[in-house]
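Peer 1: Given next are the chains, with one letter for each unit.
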Amino acid sequence: AQSVTQLGSHVSVSEGALVLLRCNYSSSVPPYLFWYVQYPNQGLQLLLKYTSAATLVKGINGFEAEFKKSETSFHLTKPSAHMSDAAEYFCAVSGSGGYQKVTFGIGTKLQVIP
Amino acid sequence: DTAVSQTPKYLVTQMGNDKSIKCEQNLGHDTMYWYKQDSKKFLKIMFSYNNKELIINETVPNRFSPKSPDKAHLNLHINSLELGDSAVYFCATSRQGAETQYFGPGTRLLVL
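Residue numbers (our numbering), protein chains in the order written: chain W, 1 to 114; chain U, 1 to 112.
Don't read these hints as lab results, they were simulated from the structure. Every residue, glycine too, gets a C-beta built ideally from N, C-alpha and C.
As a list, the in silico DSS-like pairs of lysine-lysine whose alpha-carbon atoms are at most 25 Å apart: (1) W:101 x U:36; (2) W:101 x W:69; (3) U:40 x W:101.
Over the 12 Å line for every Cβ pair with chain W, so calculated as not near, a few chain U residues: (4) 22; (5) 62; (6) 65; (7) 67; (8) 68; (9) 73; (10) 110.
Pulled out of the complex, with its shape left as it was, chain W reads as follows (with noise of 0.2 Å):
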């Protein structure tokens, strides 16, 4: 079975600063790990996702994540926040191969400040 946890429901940061998005996991298996991102009124995206090559792993819009096995981790960052990069971001994971069910974490609302 496998489960990830977001921490912090909501997080702010300022236009400029440093958007770090926290998620750690749980996993029996090998895990692929996700981010999408949900802007209001819309579906999710995928902004990046982890299969076990490269453990940092760049995605659309600045973002990148990198996978640290020996703490569970796969947390998402961003250099610089933008206005536009306010919205609703889920951490995801999944087994590898086959068909495998992807479970989602709450999400975090990010909020940038002008």
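Given chain W, work out where chain U should sit, using these hints.
Peer 2: Chain U only, in chain W's frame:
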């Protein structure tokens, strides 16, 4: 050309009614899903189909019945709607279960 589309976008109905939500994808993906997102944004999988075969069926009341007439479509029929069914329902697709999922725009269901 929308990759994953859902109809209707909004659905307001009375308790006890029966309603259907439709999902269509043109990505050629084999796997399709239904998710329920509650008012606190929690996203929970309900069903998953692969090549028209049900492969994931979470603990969902049997008032909810998915149907996949073909690989490109996955519909959700809900009988005897209850207040607690009010939520946003998302359809999603992927090539395989562990791959990137592509979400539709959602259907906002309000049961009065």
